[in-house]
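Can you make the complete structure from the sequences, with help from the hints?
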Amino acid sequence: KANYIKHALRECDILKTLDHPRIVRLYDVFEIDTDSFCTVLEYIEGNDIDFFLKQHKYIP
Numbered sequence: 001k002a003n004y005i006k007h008a009l010r011e012c013d014i015l016k017t018l019d020h021p022r023i024v025r026l027y028d029v030f031e032i033d034t035d036s037f038c039t040v041l042e043y044i045e046g047n048d049i050d051f052f053l054k055q056h057k058y059i060p
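Numbering (UniProt numbering), first residue to last: 1 to 60.
The set of hints was computed from the structure by calculation and includes no laboratory data. Note that the Cβ used here is the ideal one computed from N, Cα and C, for glycine as well. Mixed in with the good hints, there may be bad ones.
As the list claims (entries may be wrong) - Using C-beta positions, here's what the derived DEER-type ranges look like:
no., residue 1, residue 2, range
1, F51, L18, 19 to 25 Å
2, A2, V40, 37 to 43 Å
3, K1, Y43, 30 to 36 Å
Rendered as structure tokens:
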């Protein structure tokens, strides 16, 4: 479990550095309790990815 958490937090640190108009920005990650984390993501207006894929079948 400790390895998983270490890997996940490292990945989050990498994701925080990404800056691209087609990638939702990750601002922060924090621990809620010993088994749960919360992510703070950029707000994007519009429909979710599930709705988009049902309409378009793929992402351009």
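So, going through the hints one by one against the coordinates:
Distance hint check for F51 and L18: the Cβ-Cβ separation is about 23 Å, which falls inside the suggested range of 19 to 25 Å. In this structure the supplied range 37 to 43 Å is violated for A2 paired with V40, their Cβ-Cβ distance being about 24 Å. Under the hint 30 to 36 Å, the C-beta atoms of K1 and Y43, about 31 Å apart, fit the expected range.
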